[in-house]
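Dock chain B against chain A, hints included.
Protein chains: 2
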Amino acid sequence: MKKLINAAENVVPEFLGGFVRAHGDLVRLSSSGKALLRAGAPGPKVALISGGGSGHEPLHGGYVGYGMLDGACPGEVFTSPTPDQICEAAREASGGRGVLFLVKNYTGDVLNFELAAELLAAEGLDVAQVVMDDDVAVTNSAFTAGRRGVGGTVLAEKIAGALAEQGGSLADVRWACEDVKRHVRSMGMALTSCTVPAVGKPTFDLPEDAMEFGVGIHGERGRQRLPLECAAEIVARMASAVVDDLPFLPGDEVGVLLNGMGGTPLMELYLVYRELGAFLDHRGIQIGRQLVGNYITSLDMQGFSLTLLKLDARRKALWDFPVHTPALRWGR
Amino acid sequence: MKKLINAAENVVPEFLGGFVRAHGDLVRLSSSGKALLRAGAPGPKVALISGGGSGHEPLHGGYVGYGMLDGACPGEVFTSPTPDQICEAAREASGGRGVLFLVKNYTGDVLNFELAAELLAAEGLDVAQVVMDDDVAVTNSAFTAGRRGVGGTVLAEKIAGALAEQGGSLADVRWACEDVKRHVRSMGMALTSCTVPAVGKPTFDLPEDAMEFGVGIHGERGRQRLPLECAAEIVARMASAVVDDLPFLPGDEVGVLLNGMGGTPLMELYLVYRELGAFLDHRGIQIGRQLVGNYITSLDMQGFSLTLLKLDARRKALWDFPVHTPALRWGR
Chain A
1 MKKLINAAEN VVPEFLGGFV RAHGDLVRLS SSGKALLRAG APGPKVALIS
51 GGGSGHEPLH GGYVGYGMLD GACPGEVFTS PTPDQICEAA REASGGRGVL
101 FLVKNYTGDV LNFELAAELL AAEGLDVAQV VMDDDVAVTN SAFTAGRRGV
151 GGTVLAEKIA GALAEQGGSL ADVRWACEDV KRHVRSMGMA LTSCTVPAVG
201 KPTFDLPEDA MEFGVGIHGE RGRQRLPLEC AAEIVARMAS AVVDDLPFLP
251 GDEVGVLLNG MGGTPLMELY LVYRELGAFL DHRGIQIGRQ LVGNYITSLD
301 MQGFSLTLLK LDARRKALWD FPVHTPALRW GR
Chain B
1 MKKLINAAEN VVPEFLGGFV RAHGDLVRLS SSGKALLRAG APGPKVALIS
51 GGGSGHEPLH GGYVGYGMLD GACPGEVFTS PTPDQICEAA REASGGRGVL
101 FLVKNYTGDV LNFELAAELL AAEGLDVAQV VMDDDVAVTN SAFTAGRRGV
151 GGTVLAEKIA GALAEQGGSL ADVRWACEDV KRHVRSMGMA LTSCTVPAVG
201 KPTFDLPEDA MEFGVGIHGE RGRQRLPLEC AAEIVARMAS AVVDDLPFLP
251 GDEVGVLLNG MGGTPLMELY LVYRELGAFL DHRGIQIGRQ LVGNYITSLD
301 MQGFSLTLLK LDARRKALWD FPVHTPALRW GR
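Quick mapping for you: the protein sequence lines, in order, are chains A and B. Counting from 1, one number per residue, gives the positions in the first sequence under our numbering. Counting from 1, one number per residue, gives the positions in the second sequence under our numbering.
Chain A on its own, in the form it takes in the complex (with noise of 0.2 Å):
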């Protein structure tokens, strides 16, 4: 294994302490030193607070900021953060309005988050909680009951970060998070596996002349192991696979995500972005607004991830807000 690290069991304490070093107008420590807050105090709105295993950087701690969230809770690399984690983030970033969940379909994140919200009602906070589960990939995998939640979490996060932002209610926050969860669909492939640094070998094996389609992002198996293809053939799988799931139709706008999984040169996304460009116009759906680059990754893994948003007015004004965090800046 090679990383650039110390040791495998400091890791995320270590990164953490780079994050906020770089990033101290933005971000601060919660008062263990487990999770990310805004800097300053917080003020009076809706507090948007997410987390996860650690290892999707920028995902979630690089959104925590203006107009996205304001906490995030990373857990050790791909493993859950504990409810007590959860709960500081939420106590310190509450601003009296109630506090949302953006949860990623994870058992174990599921599990976690809940017994938090218990733990917070009993004390009088107002938590609601929203579970994103936008991968078609698979029904269930190996650690979920139910599809997985991936990039469409990143939109959903700004869509429902600008609502929160211009001082919409718990209520109004958590009803664009699940008009966000009803709208977008998403899927990844990769090409090689990651390699997370506690185990210290590739989470799988995957033949030089094979590529992992539906591929999860811990490096969970996906729909099919499959001979590598040329990039207009694999967008065209991906693609068909997330246009018609939801389905996308002749006519519709659509937010794109194209997320780099860690490992992939941008170069190649971008050729991956004119292939998904040609298949959309080729179905008649518009790209009304566009990311490309790493979003959601796992660690060095090489491959992408596509998802997809039907846009409306009122997500595509939210997705316009300003928004200014470690990741993700503009308008301000």
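Heads up, a few of these hints could be off.
Intra- or inter-copy, both count: the list cannot distinguish identical chains.
DMTMM-like mimics (lysine to aspartate or glutamate), calculated; alpha carbons at most 20 Å apart, straight line [said to hold, decoys possible]: (1) Lys2 / Asp205; (2) Lys201 / Asp172; (3) Lys181 / Glu229; (4) Lys181 / Glu253; (5) Lys2 / Glu233; (6) Lys2 / Glu229; (7) Lys316 / Asp25; (8) Lys2 / Glu76; (9) Lys201 / Glu229; (10) Lys2 / Asp209; (11) Lys2 / Asp84; (12) Lys2 / Asp172; (13) Lys181 / Asp205; (14) Lys316 / Glu233; (15) Lys34 / Glu92; (16) Lys316 / Asp252.
It is worth saying that the hints were derived from the structure and are not from the lab. The model shown is predicted, which means the values in this text are computed figures rather than measured ones.
Frame of chain A, contents of chain B only:
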């Protein structure tokens, strides 16, 4: 070789097609389709143009836009742009106040930009050049007479671009580039090789227990091949080489570019940043500005490079000036 491509010979035009589709609000193709220009007609300003082999994205195309470059000339992967391509970019980006070429020191790049400058001068265009050579690793190398140009180029593009946007003359903007050149130093390291699509196999072999200290952005040999160390040791080795070269002295304020080589997880880069902060604290050097992420890559190489720029009030103000490009954005 595992790549998200169609055919190796079409990688660059297909990547460019996706790039301008994703960022059509900011960039457009030149008339032949071989260079990237700012969207819209050239303004009455010095045109700042850079270029070099593809495979280092987001460099240089990702820095075309307000406050940075007016044009970028992407060659084939790891291959210099042609004089024709450079001439076309200069002619079509020129706003009548002169053209500055920002060139990384590689023999082919220097030769072709020089030839283009002569051709353009014969046409009556006012052209100047600055050759960046900030890599302290080696004196000469496979493709270089003298030191190689690496991450310092990104900072020169930012700072000279800001001055050009403010209406600086060709002499002023050239001076700002040379001022950065005098005050910036860099060094890179690799854990793994990169793989050029047209070659189909890794550029170099690096055993599982070794790292290349001082690697070039095309995988050129560095100073030494060393046993793999922990992050703190690697940072001490890298940062010492950079700090001692200028030298950066106690009391100096620096701008840091901590750059991933393309295949490095962001989690590890932030962990490295923490070590770098501790190193610079110990040396009495203050971090005034920082960028942590993938800014000048080497395809899928794992590793990082470190660039330090000595700051003064003038360079800091130009660093802070608004920028709006595909890869760097703030203040607008």
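- Ascending list of hint numbers which this structure does not respect: Failing hints, ascending: 2, 3, 11, 12, 13, 14.
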